[in-house]
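K.L.:
One-letter residues, chain by chain:
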Amino acid sequence: MGRYVLQRLLGMLAVMFVVVTIVFVIVRIAPGDPAAVMLGPDATPQDVAALRGRLGLDRPLLVQYAFFLAQLVRGDLGESIFLNQPVLSAIADRAEPTFFLTLFSILIAAVIAIPIGVLSAYKRGSLFDQSATTLAMLAASVPSFWLGLLLIQFFAVRFGLFPVSGYGGPGASFMTRLSHLVLPAFALGIVSSALILRFTRASMLDVLNDDYVRTARSKGMSEFRVVMKHAFKNALIPVLTVIGLTAALLVSGAVVTETVFGLPGVGSLVVSAVLRRDYPIIQGALLVIAALYVLINFLIDMLYLAVDPRVRY
Amino acid sequence: MKFIGRALLTGLVALGISPVAAQTPGGVINVATVGEPPTMDPMVSTADLVGIVTQHFYETLFTFDKDWKVTPLLAATMPEITEGGKVYTIKLRRDVTFHDGSPMTADDVVASLKRWMDLASRGKQTASNIDKVEVVDPATVRITLKAPYAPLLALLAFNNSAAVIMPAKKMENPLKEPVGTGPYMLKDRKADQYIQLVRYDGYKPREGAPDGYGGARKPLLDEIRFVPVPDPNTRIEGAISGQFDYVDALPVEAYDRLKGQKATQPVVLKPFGWPVFVMNTKQGVMANVDTRMAARLSLSMEDMLAAAFGSTDFYSLDAAMYPQGYVWHTNAGTEGKYNVADAEKAKALLKKANYDGSPVRILTSRQYEFHYKMAQVAAEYLKQAGFKVDMQVVDWATLTQRRADPAVWDIYITHSPFLPEPALIGQLSESSPGWWSTPARKQAVDAFNAESDPQKRVELWANVQKVMYDETPSIKIGDFNALAAQAPKVEGVVPAPWPYFWNVSIKK
Numbered sequence: 001m002g003r004y005v006l007q008r009l010l011g012m013l014a015v016m017f018v019v020v021t022i023v024f025v026i027v028r029i030a031p032g033d034p035a036a037v038m039l040g041p042d043a044t045p046q047d048v049a050a051l052r053g054r055l056g057l058d059r060p061l062l063v064q065y066a067f068f069l070a071q072l073v074r075g076d077l078g079e080s081i082f083l084n085q086p087v088l089s090a091i092a093d094r095a096e097p098t099f100f101l102t103l104f105s106i107l108i109a110a111v112i113a114i115p116i117g118v119l120s121a122y123k124r125g126s127l128f129d130q131s132a133t134t135l136a137m138l139a140a141s142v143p144s145f146w147l148g149l150l151l152i153q154f155f156a157v158r159f160g161l162f163p164v165s166g167y168g169g170p171g172a173s174f175m176t177r178l179s180h181l182v183l184p185a186f187a188l189g190i191v192s193s194a195l196i197l198r199f200t201r202a203s204m205l206d207v208l209n210d211d212y213v214r215t216a217r218s219k220g221m222s223e224f225r226v227v228m229k230h231a232f233k234n235a236l237i238p239v240l241t242v243i244g245l246t247a248a249l250l251v252s253g254a255v256v257t258e259t260v261f262g263l264p265g266v267g268s269l270v271v272s273a274v275l276r277r278d279y280p281i282i283q284g285a286l287l288v289i290a291a292l293y294v295l296i297n298f299l300i301d302m303l304y305l306a307v308d309p310r311v312r313y
Numbered sequence: 001m002k003f004i005g006r007a008l009l010t011g012l013v014a015l016g017i018s019p020v021a022a023q024t025p026g027g028v029i030n031v032a033t034v035g036e037p038p039t040m041d042p043m044v045s046t047a048d049l050v051g052i053v054t055q056h057f058y059e060t061l062f063t064f065d066k067d068w069k070v071t072p073l074l075a076a077t078m079p080e081i082t083e084g085g086k087v088y089t090i091k092l093r094r095d096v097t098f099h100d101g102s103p104m105t106a107d108d109v110v111a112s113l114k115r116w117m118d119l120a121s122r123g124k125q126t127a128s129n130i131d132k133v134e135v136v137d138p139a140t141v142r143i144t145l146k147a148p149y150a151p152l153l154a155l156l157a158f159n160n161s162a163a164v165i166m167p168a169k170k171m172e173n174p175l176k177e178p179v180g181t182g183p184y185m186l187k188d189r190k191a192d193q194y195i196q197l198v199r200y201d202g203y204k205p206r207e208g209a210p211d212g213y214g215g216a217r218k219p220l221l222d223e224i225r226f227v228p229v230p231d232p233n234t235r236i237e238g239a240i241s242g243q244f245d246y247v248d249a250l251p252v253e254a255y256d257r258l259k260g261q262k263a264t265q266p267v268v269l270k271p272f273g274w275p276v277f278v279m280n281t282k283q284g285v286m287a288n289v290d291t292r293m294a295a296r297l298s299l300s301m302e303d304m305l306a307a308a309f310g311s312t313d314f315y316s317l318d319a320a321m322y323p324q325g326y327v328w329h330t331n332a333g334t335e336g337k338y339n340v341a342d343a344e345k346a347k348a349l350l351k352k353a354n355y356d357g358s359p360v361r362i363l364t365s366r367q368y369e370f371h372y373k374m375a376q377v378a379a380e381y382l383k384q385a386g387f388k389v390d391m392q393v394v395d396w397a398t399l400t401q402r403r404a405d406p407a408v409w410d411i412y413i414t415h416s417p418f419l420p421e422p423a424l425i426g427q428l429s430e431s432s433p434g435w436w437s438t439p440a441r442k443q444a445v446d447a448f449n450a451e452s453d454p455q456k457r458v459e460l461w462a463n464v465q466k467v468m469y470d471e472t473p474s475i476k477i478g479d480f481n482a483l484a485a486q487a488p489k490v491e492g493v494v495p496a497p498w499p500y501f502w503n504v505s506i507k508k
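Heads up: the protein sequence lines correspond to chains A and B, in order. Residues in the first sequence are numbered from 1 upward in steps of one, following full-length UniProt numbering. Residues in the second sequence are numbered from 1 upward in steps of one, following full-length UniProt numbering.
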């Protein structure tokens, strides 16, 4: 077990190194220039060149890479070119909306998808099952930005129940900030629920036909107990994997939803950094996101240990 | 049309008659902007968004009145100009303090102007004409020019790449703590979330009535919050729901949705600016003047504007570099050279130019959708005239980088508000991408810049415009209007290319 964990940790480090290198190179070879963005449309090429020099962007790529790695080893992700603050602090500022958006989205998705998925599998072929799978397909096909705009239209503009955009003004209370997350969390949660529903249904169908379920039934157990205690617990493993990966995807991939709702999260930070060519932010944020992916995958594997007695390392 | 008329009327009334006397101080407004400004240092950047936000806490010696004439702001009066236009003696107001409480002195002004000449694009452009900037006494500074340079005051007044006045001790680069003299102070900035400005209680407005960007600036609101909302649809919905009190830069398609709403109303700034196709005169296909003229004659500006802005409520055909209503308006040189769409004439010119069929590389971006739509229409007209076209659609950051390299493009598309002083137009500079540098340009532009008599300058500008049409370093497509939205409870906002919120209040 200890050896396995150590191996995984070393593997994670190697993955991170590859990610860091790829991100650094891609960011630098992509066209665009942070100096030109900062100086605006009427800046002369000479001004742009001077600012590039001040930012150290005129140095050879290898020198910049070595400098970046040296910073990284010291735990320093550098300073944003545009935000006037360290990269880590910029990411930390954006962590709260992204964390709660992910949490609520996953909760909404799970609450919608798991019971329907279980029931759908149990009543396979019924009208309920057919309706559920059709709705899941619909939810999977709906772009989250479109659903977001629809929710804004009804619940923010027409009924005025929630704010349209942002994350609260100066001094906004925690509850006010959370109220800004309701609509985006539903937009993301509904879209994410489709995948989880389909996985839950498929996984339940698998286990409902297994021998141990038949055995449980032959023992005279109630259907509820058979389904929930014997079938559902075993069907949960692939569902957990999907939920974990969806969470990881949401941390980094809620970009469109964050943009539509004007949420200052990690996703929108990356997008604005890419548009501005804020290299340190792009590198730092992608590094953190990659680390989260790797960590979540690791945690899912550890969770297998808890829920599946057959899994031993 | 009726609604546009009403919206315009609101603006015009506000321009002419100040409602300040009847206004009640207090309150907070939320202003939705297109994004996060790249910096809080108005000297460093030429981005409009930087000027819009920072003009509330940083001020310049001069500014522009409602007729776009230069008027004093931190200067006490207009300067005394002597020695044939070479020496500007500027008296400073004595009642101005910085946000840290220290008084503004001539030392601060000289240090600020030197920083501007070192750092700002427009400052560097001006520096080559300046011999020295010096303190005369604590309330007077003197600028000595190498030769008469008429755009100086406009450059000192402009809020873009601006010659703002900072305390001599707080002007590090990059700026750590913005400290200005404006009616509002920067209290907090959470990038991509909000920029919070609060009233500066020590602010002393100029005497008299508000007059465009000049006159009395009264900080009536307690707070102004600029909220970056990059998605245009979200800005529209935020206006309609009443979350934002003022929403800048809306797509014109939103006009019908905004009219008749309770929480907001459309505001049209007519005219706002001009889209332009800038030619690479240094290298490649468009280095030949006949090829450039062929491109101009091949285009239908009407079709391009219609594709870009939909309705004539939001655009107008106009060959002149400045529309009617501006002192600079003239049709000199434009006859037979605008909205011609004559493929045969263009072909004849291409033949004369020995055009070899090399593709015309049009560099454009979808960051501004109207640029892209105009490019698509232009490409078809250029093809009809015999050009080969290579459309290069990139993001704005890539465009601003690529346009600096004369080897990789032939035409790039941009736009500009109508600038108060023609000398501020980028394409007139030899160093601006496009690199227009000919004896005719030099003669016309130098004469215009050297002349200080306003009437003679108007005549000389007509000559510059004529040369621009003769040599076609760029092609103006037309005039377009800007759409914003404003809550009915907000009063005192004057439609302006760089909206400002002093003298603005909330109806009780």
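I should point out that these hints are in silico values taken from the structure, not numbers from a laboratory. Incorrect hints may have been included.
[As the list claims (entries may be wrong)] Beta-carbon label-pair distances, calculated as ranges:
id : chain 1 : residue 1 : chain 2 : residue 2 : range
1  : A       : Leu-62    : B       : Glu-459   : 35 to 43 angstroms
2  : B       : Lys-132   : A       : Leu-275   : 53 to 61 angstroms
3  : A       : Leu-62    : B       : Gly-325   : 53 to 61 angstroms
4  : A       : Leu-62    : B       : Glu-369   : 55 to 63 angstroms
5  : A       : Ile-296   : B       : Ala-127   : 51 to 59 angstroms
6  : B       : Ala-287   : A       : Ile-22    : 36 to 44 angstroms
No residue lacks a Cβ here, since even glycine has one placed at the ideal position from N, Cα and C.
K.L.:
Evaluate each hint against the coordinates.
P.N.:
Now the hints, each set against the structure:
| no. | hint | verdict |
| --- | --- | --- |
| 1 | A:Leu-62 with B:Glu-459: 35 to 43 angstroms | violated (58 angstroms) |
| 2 | B:Lys-132 with A:Leu-275: 53 to 61 angstroms | violated (42 angstroms) |
| 3 | A:Leu-62 with B:Gly-325: 53 to 61 angstroms | holds (57 angstroms) |
| 4 | A:Leu-62 with B:Glu-369: 55 to 63 angstroms | violated (40 angstroms) |
| 5 | A:Ile-296 with B:Ala-127: 51 to 59 angstroms | holds (55 angstroms) |
| 6 | B:Ala-287 with A:Ile-22: 36 to 44 angstroms | holds (40 angstroms) |
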